[in-house]
Amino acid sequence: MTAALEVSGLNSGYGEALVLRDVALTVEPGEIFALLGKNGMGKSTLLKTVMGFIAIRGGSVRLFGDDRTGQPPHRIARSAVAYTPQEQALFQDLSVRDNLQLGLRDRSHFDEDLARIGQAFPFLPTRLAQRAGTLSGGEQKMLLVARALMARPKLMLIDEITEGMQPSVIERLAGVLRGERDRAGTAMLLIEQNVQFALAVGDRYAVLKRGEIVDRGAVGEAGAVERITEHLSV
Amino acid sequence: MATLLDIVTTAAILFAVSAGLLIVFGVMKIINFAHGGFLTVGGYSALAVTKLGWNPWFSLAFAFVIGGVCGMIIERLVVRPLYSRPLDAILATWGLGIIIGQGITLAFGREVQFVQSPVSGAVDIAGGSYSEYRLLLVGIAIVLAIVLGLALNATRLGLVTRAVIMNENLAKGLGINSGLVRFGTFSLGAGLASLAGALITPLSSVDPNMGVPWLVNAFMLVMVSGVSLVSLGVACLVLGGAQVLVSSWGNPILGGLTIVVLAALVLRFRPQGFARD
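Residue numbers (this note's numbering), protein chains in the order written: chain A, 1 to 234; chain B, 1 to 277.
If we strip away everything but chain B, and leave its shape as in the complex, we get (with noise of 0.2 angstroms):
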């Protein structure tokens, strides 16, 4: 039982974290190596609310504030220079994530911290006990995931990013401002991954380089998933359960490798990944 919850609380965070990855690379057909950068950003929000003493919940929606201004000012002054060359553009995502990484050590030291997390303890779970945490992860990525989906699937600014996904000229010519979806999609995406490195930092140490492994396999599931939200689901399941699995009855070294190399197997042998066609 603790197995399984394991699996769909990792399989949660994971969604978490590839989600903002996802649309990024579907709006701007770019990936965002910044996005392990902004991710660590939203690390440091968190621990700047516990420093001040604010109430751990408000972290969330600070992180999520933070990322997004972020990624508002790099898409103004790195990206949108460079979107006619995407490979450039995601050098500099490269690039952009060091500096990030760098600045914070900076501002906040190298040494690893802790952040305060705003609920604690266990609850019983068939006859085990279970990190309340950890189950509370599960119902925030349900709920960011409906309302994703929500505001791709059922929003007049969902259906203009869904046409600027599928046909970026096509868009432009019905009167479509892609640049400003661009932006939005980015800064969202920065957003989206600040957030989820707050939600993550209950469950381990905030430190500079915390982005760098999460960027890895976030990466690789976006790859596995197409653009889709349903099919990065699936991925999250699926890869994220192996991982849980090597790593508890294996060990936790090969765990942290399980879904980058799984990816790629399943990227040979079936090149849609989890997409349906």
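In isolation and in its complexed conformation, chain A is listed as follows (with noise of 0.2 angstroms):
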């Protein structure tokens, strides 16, 4: 089976420093992959790199088993690729309508989806015409999952959404991530810090410290909290 996202030997950083070091994964369709780690250890700038926002200084990205290395940011998007940033992530100006549709490929079926992903988030269809910046925080994260749903992308790049999530809403967040994995078969690398949603939601996981991964494995491998609990500690 062709890998969703195949990243190997793969070196990137910003001006002079290198930030990630030979770092190597793969996230196979239909998976949900969690990428741990603290702050500052290289997670958001791997999701960067992949996306074609920071240029690659050696190794390769593939998606979907073709070559991908090097292609500008809305290439790699439109190749059933959803981004999730975590900083910025909203056109806060904009309607809560226009954010969806800017997440839309093909907008015969904004509808349909729309009233789908508006049963996981009902206060969305609700809110069309609502500016995205006066929704509350954990609508405006909500607002985001449903944006990159709305894509119907085969892999989501999704970055440490939980950050000042109340916890009710985590919990929301990883029925509907999971609920999208078993519908549509969509594979997802979710930059976490947050362990227990992680492994709640995950089926393998890695760490990344300082720009190189230092364990992975199987979520409900033997010991593999203790591991985890131990690198986000030091």
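Zero decoy hints are in this set.
Dumping the calculated SDA-like pairs for lysine to any residue here, alpha-carbon to alpha-carbon at most 25 angstroms:
1. A/Lys154 <-> B/Arg156
2. B/Lys29 <-> A/Tyr14
3. A/Lys154 <-> B/Asn169
Chain B regions said to be covered by chain A (calculated; three or more residues, Cβ under 8 angstroms):
4. 150-161
5. 168-174
Far from chain B, some chain A residues (derived; all Cβ distances over 10 angstroms):
6. Asp22
7. Leu128
8. Gly138
9. Ala184
10. Gly185
For the record, the hints were derived by calculation from the structure and aren't laboratory data.
Ideal Cβ placement from N, Cα and C applies to all residues, glycine included.
Assembly of the complex is requested from the two constituent chains, each provided in isolation within its own frame, with the hints serving as guidance.
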């Protein structure tokens, strides 16, 4: 089976500084992969490099079997990839509807998808005209996930979506992501610091420390929780 | 009454001249100092139509197309390689404006020339008579504002363009080819500048430097407008109105400085200018 995402030997960084060193990971179709690590360890840089926002210094990025190394962000996004950045991820001055529309690849299924996604996030269909910037923090996060789902992606790259979220919302989000994976076979790469959420929703995990992967395995593996906790505490 | 009409028609002309500059500024975050050059291209497109003996109405479409094509070529060759260096891009457009002016001098000569107006004559309004063409310009400016407003706010292309204006990286990450949006915007801006050049030529003469004073005023108007067509309309009415009043009650030289001086004062005391916040 061809991997949804295959990163090998990846080096990248900003200016002189190398942030990622020889990073390799694969996300299989229908798999939820959690990438854990503390702040400043290169997690967001990895997603930005995969998306083509940061130049690759070495290694390769393959999506669904095709070599996408060095392609510009809009090309990557158009190969059925939905990227949800951690910061400035919404058009604050645009309406909820416009934000969702911008996630779409094909406008003809807006109503259909909104009806389906609206079941997971009931506030969305009733507040389409509201300015996205006036939603509460938690609602903005849910809008982000909804926008990503509108793209009907085969791979989702989600950067610390649970940061600052209430536990009840995190629980709902876990259900939505697993539901989407079961329904559409969507692969997901989640960047997380919330270990509990990552392990609840993920199938496999890796820990990134100072730009290198120091641990990886299946979520259910014996000793996984202890190893992750140790990596994140030191 | 004549003064009031002067204010409205002046605002309409200023709006037509500034609209393209505003849109390019919004998307590309650079002031296109070749805007005056494109305006001159439009003036000479209209002159060419006159000399060929074609219908003067045709000069509007002709100028828009010529300007747009110039914009496409220049975006590809000059502006695109400088995307990552906005300051250099601004300098390049400045130089480009000079080159366009010199090129036109070489092709058409330095002398002042005149263009045939599509309508001439005057209409009687409230006891006085007023230039029919100036009134027509008001209608054209309103149509232009409505078309641009609808294109930006009621179409998918407009939504995509606004997304690039607000957050270009986010737009790219959603699959929007912002390079293409920049190309289209720059070409549209050049076409609009050229159209404006053709619109103003029946009111004044055509010469290779005709774009310069318009560029300066348009630049100041865009600076006080933020990236909003509505604010631009308000700025054109207020500052253009002040220009008319100073010109008719003071003298035309001071009138020519009015927009620049007032815009600088507005920005000093209200940095966001006429924009809401």
